[in-house]
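**Q** Chain residues, written in single-letter form:
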Amino acid sequence: AQSVTQLGSHVSVSEGALVLLRCNYSSSVPPYLFWYVQYPNQGLQLLLKYTTGATLVKGINGFEAEFKKSETSFHLTKPSAHMSDAAEYFCAVSGSSASKIIFGSGTRLSIRP
Amino acid sequence: NAGVTQTPKFRVLKTGQSMTLLCAQDMNHEYMYWYRQDPGMGLRLIHYSVGEGTTAKGEVPDGYNVSRLKKQNFLLGLESAAPSQTSVYFCASGRTGMSQETQYFGPGTRLLVL
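Protein chains in written order, with our numbering: chain D, 1 to 113; chain F, 1001 to 1114.
Derived from the structure by calculation, the hints contain no laboratory data. It is possible that some hints are incorrect.
Said to hold, decoys possible - No farther apart than 20 Å at their CA atoms in a straight line, the calculated lysine to aspartate or glutamate pairs in the DMTMM-like style are these:
id : chain 1 : residue 1 : chain 2 : residue 2
1  : F       : 1014      : F       : 1079
2  : D       : 49        : D       : 15
3  : D       : 100       : F       : 1038
4  : F       : 1071      : F       : 1052
5  : D       : 100       : F       : 1079
6  : D       : 49        : D       : 64
7  : D       : 100       : F       : 1059
8  : F       : 1014      : F       : 1062
9  : F       : 1009      : F       : 1038
10 : D       : 49        : D       : 66
11 : F       : 1057      : F       : 1038
12 : D       : 49        : F       : 1038
13 : F       : 1071      : F       : 1030
14 : D       : 100       : F       : 1052
15 : F       : 1071      : F       : 1026
Chain F on its own, in the form it takes in the complex:
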């Protein structure tokens, strides 16, 4: 049982390049989330999904797109990377999305945009 996994672990991009971050979970959770973590700012929600085929915007969605074609996978895309998107990205999942529910996090992807 791998839990939540993320690919890649680390990536360097040039400004304007595109990339996709992959998140996979094997816990059959309905809800999945993408966060970014920046120094002194904690975690901020980018986008989330309440089930296969559905996505919704979080707190900081600009510059990102997401897709949830399969229940176990949640993809985060950067169409034209900017230095402001240098961050650590975390994927998380939850069974029901209820407010009191524990979220399960992946190990993170470190992204550096030059």
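If we strip away everything but chain D, and leave its shape as in the complex, we get:
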């Protein structure tokens, strides 16, 4: 079975500050890991994903995430927050079964001016 835990349902940072959104996963098979972003009143869109190979994955809009197998983590970071980054972020895992992806409960990111 697979599961995802996102630590912190709401994170608030100042514009220009580091963004760190935490995600831990559980998987009995090698995982594929995703971060999706949902802007207000929109559907989800892929930010980045880890499949195999390099453990540091770069995504759109300056975000990146590092797959750490020993810590079962896939935290999302961005060096400098921008007002346009305000959105809800979902971590997700798949791997054991085609067509099935498990989403975390989401983290809402707010940016303070």
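The hints should help you fit chain F onto chain D, whose structure is shown.
**A** Here is chain F on its own, set in the frame of chain D:
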């Protein structure tokens, strides 16, 4: 190229009423999915389809039915709506259904059941 579209955007139902949500994709994807999104619970898979004419149950299928008569369309039906079905519904599609594949989401349908 519209991607994934959903109809309607918002609907209010009374308990016991029925309705159908329509999802359409123009990317020629084989796989389509219906999710519901509830506060603090992320997205949960209701039903999915691996191709035209096929459907399968997801994590929370009770109270819903689906049909995939055409490859580009995936319909989600509520035969007798209940307040517990108040949610935001998202449709998604994928080309192959492989575990590492990106899913493409529609903008969502907000459903309120009174």
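**Q** None of the hints should be skipped; say for each whether it holds.
**A** So, going through the hints one by one against the coordinates:
no. : hint            : verdict
1   : F:1014 x F:1079 : 12 Å, holds
2   : D:49 x D:15     : 25 Å, violated
3   : D:100 x F:1038  : 18 Å, holds
4   : F:1071 x F:1052 : 5 Å, holds
5   : D:100 x F:1079  : 25 Å, violated
6   : D:49 x D:64     : 9 Å, holds
7   : D:100 x F:1059  : 10 Å, holds
8   : F:1014 x F:1062 : 18 Å, holds
9   : F:1009 x F:1038 : 16 Å, holds
10  : D:49 x D:66     : 10 Å, holds
11  : F:1057 x F:1038 : 19 Å, holds
12  : D:49 x F:1038   : 24 Å, violated
13  : F:1071 x F:1030 : 7 Å, holds
14  : D:100 x F:1052  : 18 Å, holds
15  : F:1071 x F:1026 : 9 Å, holds
In this structure, the hints that do not hold are numbers 2, 5 and 12, in rising order.
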